[in-house]
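Engineer: Sequences are here, hints too, so could you generate the full structure?
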Amino acid sequence: EPLAKCLELNEPIDFAKNVINDALQDKCSFVAYDIQTEQLVGVCLNEIKFADDKHIINETNEKIYFILHFLNQMHKNTNLFQQFQTNSLLHIFIINVQKNYRGYGLGLQLISASIEHAKTIHIKGIYAEATNIYSLNCFKQQGFQSY
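Position 128 (the sequence shown) corresponds to 116 in this note's numbering; numbering is contiguous.
No lab work stands behind these hints: they were computed from the structure.
16 Å max Cα-Cα, derived EDC-like pairs, lysine to aspartate or glutamate:
| id | residue 1 | residue 2 |
| --- | --- | --- |
| 1 | K128 | E117 |
| 2 | K5 | E35 |
| 3 | K37 | D14 |
| 4 | K64 | E117 |
| 5 | K64 | D41 |
| 6 | K37 | E117 |
| 7 | K37 | D10 |
| 8 | K15 | E104 |
| 9 | K112 | E35 |
| 10 | K64 | D40 |
| 11 | K107 | E35 |
| 12 | K107 | D14 |
| 13 | K87 | D22 |
| 14 | K15 | E35 |
Structural biologist: This is the structure:
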């Protein structure tokens, strides 16, 4: 993750646990699993956000707080809930594919699975913050707009 590397953020275990638990609670995340090696090779951690959610950053790690605050600031100029005329959106919070599995379209498949799932649960819009060129390209190929 480029932001984490830039800030020299090492193993944010507590933060990762919270993100995973939140994503599991919403039951809208996806993984890519290599059945030959029995390894998890890709993940798309998603969460459902509601228009009336409070955006409180409850993070004690200074570097993680900075990243989350930075990402929240990106949303100040655009109200996606109004734009999509909805009360709920799917947030693709983290998408990652192991380096040696990149180039096989796994990122695209994970995003596609997220889009299809959002449709089945009647969510009208999806958003993500692309922080590297790989995820940006995947989102663009799936028709996401940049703001």
